[in-house]
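Sequences are here, hints too, so could you generate the full structure?
Chains as they are written, first to last, in the numbering used here: chain A, 1 to 189; chain B, 1001 to 1154.
These are computed hints drawn from the structure, not numbers from a lab.
In this text the structure is predicted, and so the values were computed from the model without any measurement.
There's no promise every hint is true.
Stated by the list, open to error - Below, a list of computed lysine to aspartate or glutamate pairs in the EDC-like style, where the Cα atoms sit at most 16 Å apart: (1) K1065/B to E131/A; (2) K6/A to E70/A; (3) K7/A to D1103/B; (4) K1065/B to D148/A; (5) K1063/B to E131/A; (6) K6/A to D1153/B; (7) K1065/B to D151/A; (8) K1063/B to D152/A; (9) K3/A to D60/A; (10) K15/A to D152/A; (11) K1063/B to E144/A; (12) K1056/B to E52/A; (13) K7/A to E1118/B; (14) K6/A to D1147/B; (15) K16/A to E87/A; (16) K1127/B to E1075/B; (17) K6/A to E1136/B; (18) K6/A to D1103/B; (19) K1117/B to D1044/B; (20) K53/A to D151/A; (21) K15/A to D151/A; (22) K183/A to D51/A; (23) K1063/B to D148/A; (24) K53/A to D1153/B; (25) K7/A to D1153/B; (26) K17/A to D1153/B; (27) K81/A to D1153/B; (28) K7/A to D1147/B; (29) K1117/B to E5/A; (30) K15/A to D1153/B; (31) K183/A to D124/A; (32) K1065/B to D152/A; (33) K16/A to D1153/B; (34) K53/A to D1103/B; (35) K17/A to E131/A; (36) K174/A to E131/A; (37) K17/A to E87/A; (38) K6/A to E1118/B.
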Amino acid sequence: MWKYEKKLEYPINIKKKDLRMAKALLEQYGGSNGEFAASLRYLNQRYTMPDEKGYALLNDIGTEELAHVEMIATMVTQLIKGASVKELMDNGLTAQYVQHDHAIFPTDANGVPFTSAYFATTGDWLADLTEDMAAEQKARAVYEHLMDLTDDPDLLAPLSFLRQREVVHYERFKELRNYYLKKFNVKNI
Amino acid sequence: MNNYPDFRKFNYTDMYNKMNNLFNQNIDNNIYTEAYEDNNNLYDPYNGFIRGNLFKDLYDPYKIKVPYDVKPMNEQASLLTDIDSLGFAMVDLNLYLDIYPDDNKAINLFNQYRKQKENLMQEYESKYGPISLNSESLNKYPWAWDDMPWPWDN
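Below, the structure written as structure tokens:
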């Protein structure tokens, strides 16, 4: 089970409304390489890892990703707070307003709803962990694109934090994969 | 004027000057013992926290040359930043230990940070209200858990 802590993993306090960035940030909420996809990917794959190291790592990274889901939702919420209908329309958020008003909904930056088709569970540790490594690299690349789009420290600080977490998670998945390659004497990789 | 707890008083700064850096180092030295210094491949909890990475050899910044300092603007925010830092160090050591369960130094460091976080959580929650549902601060009327602000507010 899970326990909630009534705080963010890293503090967010955005002072400047920015609808363009709100729309862009949705990519990391309900997009194919976003935090929801990451969390659900690992939490679903954990059941069929070969041993306790895989159980633990996928459980714990999947859990941390939930805290990242909350950080992205917090950023989007604060970025669109108080925006008028006209401001939303002028910034490509007409459909967002029609469907969700100022509410949060897991879509990508183009408004395409989240789907579990964004991730796989194969029951094969090598396939799953190789996907996980790629997922962390794709998320890192998206965070870099998002950081390219803004100079607001209130956004850059948490985005930089989240990007760095992708770097660390990638490393841990790689270490787990290498450990299993050796343990199960896998050749031709 | 409301008097509910407010943890949102902090700012980021990219004016990374030596004074500020030394100031933060001093704060850290009051809170964290020397154990991390034995692990010179690790940042201390605050410096790991602002980087999003406790492991020096894995730190790989993009766009920003130096990490943003999290600047607490009042005592509550300062206490929360210490809790955030220790909580972050625990998360990163947790993931590392999942792969390297035989690293006794890392186990000791994890437990040291865990105890420090527990103590600071008790102090914070007794002053400013609950962060966790295990908190003694919930033993009060009326029910305190739903008190504003919630983390996503600004």
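Now for the hints, and whether the structure bears them out:
no.	hint	result
1	K1065/B to E131/A	violated (30 Å)
2	K6/A to E70/A	holds (11 Å)
3	K7/A to D1103/B	violated (30 Å)
4	K1065/B to D148/A	holds (14 Å)
5	K1063/B to E131/A	violated (27 Å)
6	K6/A to D1153/B	holds (12 Å)
7	K1065/B to D151/A	holds (13 Å)
8	K1063/B to D152/A	holds (12 Å)
9	K3/A to D60/A	holds (13 Å)
10	K15/A to D152/A	holds (10 Å)
11	K1063/B to E144/A	holds (8 Å)
12	K1056/B to E52/A	violated (27 Å)
13	K7/A to E1118/B	holds (15 Å)
14	K6/A to D1147/B	holds (11 Å)
15	K16/A to E87/A	holds (14 Å)
16	K1127/B to E1075/B	holds (11 Å)
17	K6/A to E1136/B	holds (15 Å)
18	K6/A to D1103/B	violated (31 Å)
19	K1117/B to D1044/B	holds (14 Å)
20	K53/A to D151/A	violated (40 Å)
21	K15/A to D151/A	holds (13 Å)
22	K183/A to D51/A	holds (11 Å)
23	K1063/B to D148/A	holds (8 Å)
24	K53/A to D1153/B	violated (37 Å)
25	K7/A to D1153/B	holds (11 Å)
26	K17/A to D1153/B	holds (14 Å)
27	K81/A to D1153/B	holds (10 Å)
28	K7/A to D1147/B	holds (13 Å)
29	K1117/B to E5/A	holds (13 Å)
30	K15/A to D1153/B	holds (11 Å)
31	K183/A to D124/A	holds (15 Å)
32	K1065/B to D152/A	holds (15 Å)
33	K16/A to D1153/B	holds (14 Å)
34	K53/A to D1103/B	holds (14 Å)
35	K17/A to E131/A	violated (36 Å)
36	K174/A to E131/A	holds (11 Å)
37	K17/A to E87/A	holds (10 Å)
38	K6/A to E1118/B	holds (15 Å)
The structure fails to meet hints 1, 3, 5, 12, 18, 20, 24 and 35 from the earlier list, while all remaining hints are met.
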